[in-house]
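Enquirer: Listed below, chain by chain, are the residues.
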Amino acid sequence: MTDFEAVIGLEVHAELLTASKIFCGCSAKFGAAPNENTCPLCIGMPGVLPVLNRQVVEFGIKTGLAIHCEIQQRSRWSRKNYFYPDLPKGYQITQYDLPICLGGHVDIRLEGEDQDRSIPLTRIHMEEDTGKNIHDAHTDASLVDYNRCGVPLLEIVSEPDLRSSAEAGAYLRKLRAILQYLQVCDGNMEEGSFRCDANISIRPQGATELGTKAEIKNLNSFRSVERAIDYEIERQTKAIRAGESIVQETRLWDTDREVTRSMRSKESAHDYRYFSEPDLLPLDVSADWIERVKGELPELPDERSARFVSEYELPAYDAEVLTARKDVADYFEAAVGIHRNPKAVSNWVMGEVLRIVNDRKLDQELVIEAWPVSAQQLAGLIALIDDGTISGKIAKSVFEDLLDNDKSPASVVEEKGLSQVSDSAELESIVDGVLAGQDDKIAEYRAGKEKMLGFFVGQIMKKTQGKANPKLVNEILRKRLQSN
Amino acid sequence: MPITRDDVRHVALLARLEITENEEQELAAQLDQIIAYVEVLEKLDTEDVEPTSYITPMETPFREDVVSTTPDTERWLANAPATDGRHFRVPKIIE
Ligand SMILES: [Zn+2]
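Protein sequence lines correspond, in order, to chains C and R.
Each residue of the first sequence is one higher than the last, beginning at 0 in numbering that gives the first Met the number 0.
Each residue of the second sequence is one higher than the last, beginning at 0 in numbering that gives the first Met the number 0.
Any given hint might turn out to be false.
[Stated by the list, open to error] In silico DMTMM-like pairs for lysine to aspartate or glutamate, Cα to Cα no more than 25 Å straight-line:
hint, chain 1, residue 1, chain 2, residue 2
1, C, 28, R, 20
2, C, 478, C, 405
3, R, 91, C, 255
[To be verified] These stretches of chain R come out as covered by chain C in the derived footprint (C-beta under 8 Å, 3 or more residues):
hint, region
4, 25-38
5, 42-50
6, 79-92
Calculated from the structure, these hints are not laboratory results.
Yeah, the Cβ is synthetic: ideal placement off N, Cα and C, and Gly gets one too.
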């Protein structure tokens, strides 16, 4: 138990899934050839005028409503002034003193806890993203790609109310899930469409004043966020114990070495001289607009989880795991829609399916075709277990055969001759074969050594390569062992 | 508070303007006058007046979310002092 507590606030930048950029008609799609998605406006030519994309505001309202913010009916745009090659105009259009959303909260639950904790939010504002710099090894210069410049972002700022890396991780996962459910952001941390900066400070337990914070950047996975927070808490604790003071600064997370290091920037970086953006009018959002968006909000993770418990009678734990990702929840419901055995489908999704998904690091939303085994195949496989065609054990091997192809489970079973032996006469003769010459073991069983039953079942399974119907085998065995 | 030459230098640095010592002095005096005028305005009683940040009584115009530009990268790169044919090339950025 340490005598310091950590105070953590997170700033999330979420790239919005609009077709076009925030202030011009260029495509906002990721992955185009360098500078393909550019025009005079987004490369900062003089004489251009920004025109606001309505969808960006719609997404801002939607997100704000989903996380319980107060939507501001009047907000406005500001200029944040600084020079950097990825920002061709010399300023970023953002929201400063009057953002679109204030307040709000995201509710999280840590593993093993039986209650939610509500993490309060400060604000959400809209802004334009910047371009990307790449180092050019040939000329030792930097190359700039403006495709991302002007792609709409929501910046979602939490209050400094998180106390541990585990809470920060839970908060980010929940927030990402909500954005994905809303279909406003794809949540891909590696491609940078869901980015996070962490403000971290520590203070003596029970203190009310905040300590000096460090801002940590370059956190491009959940793991990085969690590791960087743990590292930073330890670094600051050690420094304070050694009588050093913490410097307010920006630090970069080094993923390979797992340390944060100071970004020694001599630029007076925080003198952004914000002022009201003269090229854009204040943004008025009518009460009707807000009401309409409210009426169209989709089912969100918490609601879906509650429904999974009531509609499919799943344990709360299953419901939570399945709904933490929209694509996983969709996959589950697709499979249940084909074969209605929710608990079995849940077990398979949480077990085999998510194991493959995690092994392959498929951590972004999967489209239907991208699943290693389709919902249709999984449902078919479980149906074969339920109707007695194959055992659960055989099903696991069939599952492996279904990976990355569109074979039907039934055809795999047929092809490989995996059908369960459920023919009584056939099984009886196999059982008799196994029991033959085992008189001493039979005697042991009859003398009360129940364990021997397992031995015989094992022998029978071995003989049939696991294909014997276990229920029938048990019945026949017991009958044979009882009679003389 | 009078504008000092340090203030002028700081603002010039932020704006990436190179100015001579003479200009520093001249600009400090000019900026001082402008600030002095604002101080006159500050004496007015504006207690009950809502701040005006926009003078045009217009509604926010919107664009619909459709892609409407055509890629013309070569043309936009033509203005750049240096390129590699696909990117804008700038002096090395050290992070
Ligand atoms: Zn553009």
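Enquirer: What are the numbers of the hints that this structure violates, sorted from low to high?
Expert: 1, 2, 4 and 5
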